[in-house]
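Participant: Here are the chains, one letter per residue:
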Amino acid sequence: MKILVCVSNVPDTTTKITFTDNNTQFNTNGVQFILNPYDEIALSRAIELTDGGKGTVTVINVGEVNTEATIRKALAIGATDAVRVNAKPHDAWYVASQIAEYVKANPFDLILTGRESIDYNGSKVAGMLGELLDLPSVSIIKKLDAADKEATVEREIEGGKEILTIPYPFVAGTAEGVAEPKIPNMRGIMSARTKPLAVIEPVEVKTYSEVLSYETPAPRGQVKLVPADDAAKLVELLHTEARVI
Amino acid sequence: MSVLIYAENAGGKFKKSIFEAVTYARAIADQNNTNLVAISIGDVSKDELAALGKYGAEKVLNVSGDKLKNFVNQAYASIIAEAAKKQDADIVVLSNTFSGRGLAPRLGVKLQAGVADGAVALPEQNGGKFTIKKTAFSGKAFAIVELTSANKVIALVPNSYKVVETGGTAQVEDFAAETKDSDFKAMIKEIVRSTDKISLPDAEIVVSAGRGLKGPENWGMVEELAELLGAATACSKPVSDAGWRPHSEHVGQTGIAVSPNLYIAIGISGAIQHLAGISSSKVIVVINKDPEAPFFKVADYGIVGDAFEVVPQLIAAVKEYKASA
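These protein sequence lines are chains A and B, in that order.
Residue numbers for the first sequence follow my numbering, beginning at 1 and rising by one.
Residue numbers for the second sequence follow my numbering, beginning at 1 and rising by one.
It should be emphasised that the hints constitute simulated quantities derived from the structure, not laboratory data.
Some clues are possibly wrong.
[What the hints assert, rightly or not] Listed below are the simulated EDC-like cross-link pairs for lysine to aspartate or glutamate, each with C-alpha atoms no more than 16 Å apart in a straight line:
| no. | chain 1 | residue 1 | chain 2 | residue 2 |
| --- | --- | --- | --- | --- |
| 1 | B | K110 | A | D134 |
| 2 | B | K197 | A | E158 |
| 3 | B | K180 | A | D109 |
| 4 | B | K189 | A | E150 |
| 5 | B | K185 | A | D109 |
| 6 | B | K319 | A | E236 |
| 7 | A | K143 | B | E190 |
| 8 | B | K16 | A | E158 |
| 9 | A | K142 | B | E190 |
| 10 | B | K13 | A | E158 |
Remember, predicted model here, so these are calculated numbers, not experimental data.
Please construct the entire structure, taking both the sequences and the accompanying hints into account.
Facilitator: Structure follows, in structure tokens:
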């Protein structure tokens, strides 16, 4: 089985998000970038599914040269090879279009993405890829079992789950539950340095969205403390002041 | 020109998040002096469909059929896109539910439209410039995005827009859409819905607990408080990682983001990743024995105290309040 895992390079989860240039630019100063945690889950499952010579796992990233540390991390975790489309990931449409171009020339049985990137949270790349390639897509899966001709996936729905079977090839966005994230071992880290990382140039894509500026959530007022032995007071405040119960 | 809203049903009924999205789509139609058309796919009664008029839909397109009873991402996207074209709709609105997140990107490609996923406010339309506020950085920020395409797809975050009932009954029309066989490759085997519990993304009140509860055996009081308040239960990442609670309850940057009216955090310290997932909650209550817990800095109300003493008292107080109300 040939699996493609789409990965993005995102600020570490502990990052305090700030902006510069009149709130138009994300402040990357001092920010550590990591492999998007949901993509790490996709990659880990892909490696499990192809373990023992049952297939290959290619990772693809749309990014400039500074994302290569993250791509090497994916190779260290166990991907077979990697592709970097040498471009700034303008938006989901741009990224999906670049990956679709690559896949048209290099078909895969299964294409995985994380359910969303933790920076822009669009959860759009999986669906857009599905549409661009005319393949089924399923967003936010919690389980993925692969048989010869088809896979069984568990999709999250409000207050429950759906179990689906989908024939290959298809696209899926993975969430927690699909796999435990794998940690690279020393052998992985050593071999990652020499695994193939192809750099390809982007195709021209017309984009439909522009981020103009950012805002941070409005700060809350001072916390109102209620004595520990007066829970009734809290209930009263929630009813009469906050009006939420 | 018109606005099209996809009204997703759950087991034949519309939920509050759909009424929010219809109200919101009505407001966008008003911004553009145009009509609001809703589309429903699946098995929904005529009365339920006509009632979408209460929230501002003038017309409801009803698509039904055996193959379309349950959500099929590809087929549903084809139908909604076809309806958008036939109704001359240049703006398509969805609720940012799990299914909505599957549809929005496919619709974006089909309609050559910019997609604003996770929208939290009405768009601003000035001099041909269409901008919209959406969540970014997993709840740590918002982005103001301009959609530069002629067509637009907007997915509204549940619980971020207030339902307004204006009265009125929508005219219901059957809509026959063409689908191709290749749209039905994904087959649903089974749907599991827990009917006895309120689902976390839909909940207006969330009772959440963390490692401060010491073990899964102590969740009884969390569940009791949640049930009394009509709330969903949630947890922090260490708790779901340890297997004390299912992953579907994990709220935070790498779990689920919620925006309830009331979020009650019990024994959760308030790591930055957790706060990201709850920052758009309207009112936050924190119960923690450590007065230095970072969670108190973003809380509206707090109790410094041992959860094992405070929560049973809170349960008693809520019971008393409910008895007197």
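Participant: Indicate, hint by hint, whether the structure satisfies it.
Facilitator: Now for the hints, and whether the structure bears them out:
1. B:K110 x A:D134: holds (11 Å)
2. B:K197 x A:E158: Within the cut-off at roughly 11 Å; holds.
3. B:K180 x A:D109: violated (22 Å)
4. B:K189 x A:E150: Cα-Cα ~13 Å, so holds.
5. B:K185 x A:D109: holds (14 Å)
6. B:K319 x A:E236: The hint holds at about 12 Å.
7. A:K143 x B:E190: Distance of about 14 Å is within 16 Å: holds.
8. B:K16 x A:E158: The given pair, whose Cα atoms are some 12 Å apart, holds under the 16 Å limit.
9. A:K142 x B:E190: Roughly 15 Å between the alpha carbons, so the hint for K142 (chain A) and E190 (chain B) holds.
10. B:K13 x A:E158: Holds, because 13 Å separates the two Cα atoms, which is no more than 16 Å.
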